[in-house]
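There are 2 protein chains.
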Amino acid sequence: MTDFPTGDLSRLSLNTATTKALTLAEAVDVATRAGLGAVGLWRDRVAEAGLEEAARIVKASGLRVSSLCRGGFLTAAEAAGQAEALADNKAAIIEAATLGTSELVMVVGGLPAASGPSGPPTPGGDRDLVAARQRVADRVGELAPFSGEHGVRLVLEPLHPIFAADRAVLSTLEQCLDLAAAFPAEQVGVVVDTYHVWWDPKLRELIHRAASEGRLAGYQVCDWNLPLAADSLLSRGFMGDGYVDFPTITTWVAEAGYTGDVEVEIFNQEIWDAPGDQTVATMAERYLELVQPYL
Amino acid sequence: MTDFPTGDLSRLSLNTATTKALTLAEAVDVATRAGLGAVGLWRDRVAEAGLEEAARIVKASGLRVSSLCRGGFLTAAEAAGQAEALADNKAAIIEAATLGTSELVMVVGGLPAASGPSGPPTPGGDRDLVAARQRVADRVGELAPFSGEHGVRLVLEPLHPIFAADRAVLSTLEQCLDLAAAFPAEQVGVVVDTYHVWWDPKLRELIHRAASEGRLAGYQVCDWNLPLAADSLLSRGFMGDGYVDFPTITTWVAEAGYTGDVEVEIFNQEIWDAPGDQTVATMAERYLELVQPYL
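Each protein sequence line maps, in turn, to chains A and B.
When the letters of the first sequence are read in order and numbered with this note's numbering, they come out as residues 579 to 873.
When the letters of the second sequence are read in order and numbered with this note's numbering, they come out as residues 579 to 873.
No wet-lab data here; the hints were simulated from the structure.
Mixed in with the good hints, there may be bad ones.
Unchecked claim - What follows is a list of derived Cβ distance ranges for each label pair:
1) A/783 - B/665: 29 to 37 Å
2) A/579 - B/661: 35 to 43 Å
3) B/662 - A/625: 32 to 40 Å
4) B/661 - A/853: 47 to 55 Å
5) A/640 - B/791: 55 to 63 Å
6) A/712 - B/792: 28 to 36 Å
7) A/585 - B/852: 52 to 60 Å
8) B/791 - A/832: 49 to 57 Å
Every residue, glycine too, gets a C-beta built ideally from N, C-alpha and C.
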């Protein structure tokens with residue numbers, strides 16, 4: 579039996595990507611036993627359980643659903659790809675509403691030639707980053723009213739510039755806020771994920787801006803580890819294992835007035851290979867040491 | 579014998595880091611035979627030849643020296659480390675003046691715990707990014723007058739945020755321009771290296787700002803290749819091999835009024851292993867295809 583640490587874990591949320599080997603029911607179970615306040619759900623785990631059953635499981639647990647991950651992949655240049663993206667994101671919006679979360683995290687996709695939702699990067703092709711970013715804004719504009727009707731917010735996630743080619747052409751919090759500005763705050767928000775934005779020279783100012791505009795929809799924490807993993811997507815670590823200054827960034831988030839959940843979303847093969855209870859115990863320990871005191 | 583392409587290569591500069599296996603004399607020789615207008619020199623190759631001899635070689639060649647790489651490593655928190663950095667940068671300033679270039683490229687260093695000029699990243703220790711950045715500004719302030727006295731400009735290089743922990747805490751062109759604003763334009767400038775800034779949503783605006791403030795001291799081109807190399811420092815490619823939109827960015831640089839040299843600086847093991855003539859021929863071809871028509 580793993581011992582879970584004692585302390586105020588009421589705002590800590592387990593993102594199911596952190597315990598990739600667990601089913602949704604198993605992730606909800608460990609989060610509940612550890613005394614967490616919430617879970618963040620990925621759509622693959624929801625689909626596996628079935629949407630209605632997933633909604634029943636989380637409701638029965640008493641946990642909040644801090645977010646649903648993820649909508650997005652909005653950069654297609656062709657009509658067919660755009661129609662597919664709209665249909666898939668509308669489905670995700672309905673899933674979020676059914677699961678009882680208002681926050682749908684959007685990973686908007688990379689250059690069309692560089693990636694697909696499932697494919698590996700391919701060289702060559704369309705390198706027009708400006709146009710890809712405009713298409714993201716266009717698609718968000720088409721989705722935002724539908725999202726609002728369902729009580730769900732499209733939460734734009736800036737991804738680290740390391741992923742600008744193949745994962746997300748939204749690269750900074752400022753860019754996300756500038757895009758969001760055209761829409762009501764209850765339809766389009768932003769999320770601060772330390773892994774993606776820790777390096778930003780304007781981070782404090784932008785966190786305050788996001789909060790003052792009513793768009794700070796989530797706070798996700800994990801560390802920037804070095805050396806980078808062979809698959810750089812998996813280079814995340816527990817808080818304290820890398821180079822992110824969690825006390826400082828958390829203080830900025832708290833000062834800005836954020837009172838929501840703090841999700842831990844770590845992609846890391848070694849962590850995925852460990853037992854779920856051990857992973858949740860470690861993340862709770864690190865949260866109590868490096869994040870919770872500064873909230 | 580490698581055939582070099584014909585075309586206007588008068589603004590193309592070979593950075594000696596691209597042909598790592600060549601001595602300074604060999605790099606100058608191939609640049610001259612290929613019809614390039616300039617070379618960018620690294621201090622290790624200069625030291626190897628001896629400063630006076632290096633200056634003699636480049637002067638005899640008739641090539642311009644577009645820049646000297648590199649000064650920097652200014653983030654030390656201890657007095658000894660700071661004194662060492664000041665001494666080393668003063669030496670670099672004198673070298674630049676002796677070699678006949680006004681532009682000293684500054685790679686400012688990462689978090690003190692994460693790197694040294696030669697050491698590998700180490701975990702733990704000082705994660706205070708805000709303080710590290712302030713120390714960079716303080717050191718630049720101490721060096722700028724000395725630099726100005728020698729007719730040399732400190733050219734701040736924003737490095738891709740992938741290197742924020744271990745290589746350079748200056749991560750965006752905006753941050754560099756904000757830091758530079760406290761100093762005369764002839765003492766502190768900035769360089770645009772496509773590899774480091776291609777992803778920046780504000781790139782066009784910032785290139786124009788740099789030029790209008792008289793600080794656009796250099797334009798370096800190489801591509802962002804995927805997948806990343808095991809050592810991410812070596813993930814650079816010839817223009818056209820990755821995801822950077824060279825025609826667009828070059829157009830922005832030209833519109834802004836930049837009339838200087840275009841340096842090619844590629845760290846890539848495969849390119850380093852190839853014959854120097856072949857490397858210069860390929861970079862010249864790609865330059866004529868993707869960069870020169872837009873200048």
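So, going through the hints one by one against the coordinates:
1. A/783 - B/665: 29 to 37 Å: Holds, since residue 783 of chain A and residue 665 of chain B (Cβ atoms, about 35 Å apart) stay within the stated range.
2. A/579 - B/661: 35 to 43 Å: 55 Å, violated
3. B/662 - A/625: 32 to 40 Å: 57 Å, violated
4. B/661 - A/853: 47 to 55 Å: 50 Å, holds
5. A/640 - B/791: 55 to 63 Å: At 57 Å between Cβs, range holds.
6. A/712 - B/792: 28 to 36 Å: 31 Å, holds
7. A/585 - B/852: 52 to 60 Å: 57 Å, holds
8. B/791 - A/832: 49 to 57 Å: 36 Å, violated
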